[in-house]
Structure formats: C-alpha cells, structure tokens
Amino acid sequence: MAVHQGTFNIQSDRRPTFEDVTERVQAVLQGSSINNGILLVYSQHTTCSVLIQEASDDTNYWGTELLMQDLVNVLEKIIPTCRTEGQYLHPGPKHIVAAAGRNEEAFWSLNTDAHLRSVLIGRSQSIPVVNGKMELGEFGRIYFADFDQVRGRVRTVRIQIVGE
Amino acid sequence: MAVHQGTFNIQSDRRPTFEDVTERVQAVLQGSSINNGILLVYSQHTTCSVLIQEASDDTNYWGTELLMQDLVNVLEKIIPTCRTEGQYLHPGPKHIVAAAGRNEEAFWSLNTDAHLRSVLIGRSQSIPVVNGKMELGEFGRIYFADFDQVRGRVRTVRIQIVGE
Amino acid sequence: MAVHQGTFNIQSDRRPTFEDVTERVQAVLQGSSINNGILLVYSQHTTCSVLIQEASDDTNYWGTELLMQDLVNVLEKIIPTCRTEGQYLHPGPKHIVAAAGRNEEAFWSLNTDAHLRSVLIGRSQSIPVVNGKMELGEFGRIYFADFDQVRGRVRTVRIQIVGE
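Residue numbers (the working numbering), protein chains in the order written: chain P, 5 to 168; chain F, 5 to 168; chain V, 5 to 168.
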C-alpha cells in the first residue's frame, strides 16, 4: 500500500478557463507504483474547480469547448459576473484592507462570482484506479477550471493517490 | 490495508432516473475484507451523478420520489431540458460528425442538459466506512442518477474501497 | 498504512449556519499517525454540506461571513426557502405520517430547501495530506454548513483519514 503525490501548473486567462488535464494526471499515475486505489485531483485555489466531462469537439472563437461555454452561460444566469464593488456583499471593507496589506490591487477581490461558481462545481474529483488506469468511462475527461475573471494566474493542480 | 472494487448495473429510463443503490453498495462492502476506510461510489458516465439524500417516502405517478422530483424541478429552471438542436451551443457540427462515426443517432447528442445537470450534482460520493458499515447517518440513502432523457441505457455503478 | 477517524459536534441555528472547522479538522489529523494520504471531511446529515472557501473577513449583523451570505442569496434565487407545505412536492403525506411516527413535529419536515441546497453543494470534501498538513492553499478554509432553517440542532462533523 502506498501514497503518491504530484503537482503541475496551468496558466489561466482573464475569462473562465477550462484545461483538459487528463493526460497530465495519467502521467502522474504512471509515475507511481499504484495499480489499484483512489486518485484525487484537487484544486487548492478557492476560485477553481475540478470536473469530469465529455470532450465537446467544437470550440467557440475563444477556444472554449462548447459544452463548457454552455456551463458558463448557465452559471452566468444564477451567479452573474461581478463587474464592480457592491454587486455582491463580498468583498467588504475589512477584506479590502486585508488584501491591501498583501499588496493586492483592490479589483483583484472582485472575483466573488468565481468563489461562488467554483464552490457549486466543487474543488476535486475522486477517481477509481483499476489495473493502473483511471476509470473515466468511454468519454470522461478531467478538466481544471479557473473561474476567476479578474486576472490570469499560474495555478497548481494537485494529485494524491492512495492504493497498492 | 487493502483495495476492493465492485460494479453493478442499473437500467435508466428516458426521463431523469434516480435509483436507490444503498443495499447494493453495502453488499459490495460486505464482500470485501475492509472494516475501516473510505468508500467511493462513482459514475463513469458523463450524464450521471451519485448523490446522498433522505428517502422521500412519497412518489409521483412516474415512481420518482418527491424530493428527487423537486430537485429535477429546480434543475429544469436553471438548465432547461434540451428539446432540439440550437437550444444550447453543444452539440456543435464536429461533435455530430464524430457521433455519426460511432454509429450514434444525431438526437442522442441532444443531452446537453444532462451533461450540465450531472456536473453540477457531481460524479461521486466518498463515504467513511467505520466498523464494517457506511456512515450514512439516520436518513442518508445513496442514489445513482441518470439525467439523460434521450434514451434509456444500462449504466455502470462503480465502487472503490480503500482501507483495512 | 493506517486509517484514522474522528468526529466533533457543532450547534446549528434556525438559519443557514456556516462554521469554520479548519482548526478542529487539523487537530484530528494531528492526533493521527498519518503524514501523507487523503482526508475526508463528511456530513452524515442530509441537510448539511462541507465546503472549502476563502474566509471573507467581514460579516453581516447575524455574524455570517459575507461570502457565505452571497452564497445563500444565490441559493435563495434558485431554491427558495420553504415557508409552508405545498411549496415543494416533498414532504408528501406518507412522509408526514412516518415523521409523526418518529415523534417529529410536522413543520420539521418543511426543510425541503435545505435538502436540495445541500445536495447541490455536496456532502463532503476530500483533501490531500502532505507532510502532516492539509493542502488548503493560501486561503482555503473548511466550513461545515447546515442549511436547515426549521430548527437548530447538534450536528456531527466526521473525519476519515487514509494514508501512512
């Protein structure tokens, strides 16, 4: 029985970013000695999510897969993009002071929509590993999503595997 | 320490299907040597979910538990049933060509609502196993949901248990 | 390789309750011999959720962090607070009879909104443990949410850790 861990980075954009990380997660699994167990793909960022979805084949002009753009359109209806302060309760005055103390621009905190969208979609996916392979079915792909629209950033994708 | 895995199938309908799989998951656990650990109930299908909910006692004329029909009614408001192409961006033209290459009927891809609903609800549930039993509280039941409304299918429910 | 488990209680209110349980979960981890693995924070209650979110610094007059109140406001739009029977399909007549048999007040079952909200947010969070610490990034905090608004109760937060 063993525990194996790995990380890699992605670069997000100033719009909702969905990156297919399936091959990179599989590479982390192959670098381990684990053939059977549970593999966790995890976001340590509170405006990001991990999801499993079918690849959509077609993309829009921005390069976003259409099924992911459909998801963004649904989220936009229930959690509209935060365009200025006061649209949501957060960030409040103490939060802005605290952010300034970390040398953050005030507008960086105008990502309330991303905090809410990501918590609805979820921070991680747990995937069965059977005979050295992730069980993703015929069509499942793993996507790392960054919902933050105020700035592009380097993001960490974290993989944790427990098994034998 | 051990890893145990199991699968069983359910038959879904041409409407959102919620199947209480608690007893069958418990049977997989009992067939293992694991008394303490983490049990993962997982959907390898990208229009299906696994959820934990209270049993609702009453059902509608279709046999759907009322609490699950309430869930469908909420989802219908934010992610309406896909009734024809063009309602959502997905499926696009490349996707339809790819599906035809797999000998799929074009209307089988009109399940965009199911892809979106299932990713919102989530693909799996992780459940603590303590002294040979799943910790589901007084009322928790495990449901496998198939949100695909374009065709009924045989679906695989996958269980992965890690523990000792 | 080992399995470690722990529980602690929180007291919820007659409004959506969000309790930051990060320190108490960390204490359970420190009481184990596990340095690397997967830690599951889990709700065994079907109107409760576990989520990871940034601390919001500011609170409203009720003491609720603003980002959590923003979340409640979003949920209120799509799953309105259940104020009387008939607003949702659940609870139906059989459910009320069964609840009476458990000596429950009928109004205790008017928590359909909480059942639906909690299943949308999810029952648990799986978190990587690396070198004895949970990987929560710079800002991640663990919250236990009770969405039930019909009565305050003592709730169990359950932690299960698998690793070495």
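Worth double-checking, as some hints may not be accurate.
It does not matter which identical chain is used: a pair holds within one copy or between any two.
[To be verified] Think about it this way: if two alpha-carbon atoms lie no more than 30 Å apart in a straight line, the pair counts; the simulated DSSO-like pairs of lysine-lysine are: (1) Lys81 <-> Lys98; (2) Lys137 <-> Lys98; (3) Lys137 <-> Lys81.
Simulated from the structure, these hints should not be mistaken for laboratory data.
Against the structure shown, which of the earlier numbered hints fail to hold, in ascending order? 3
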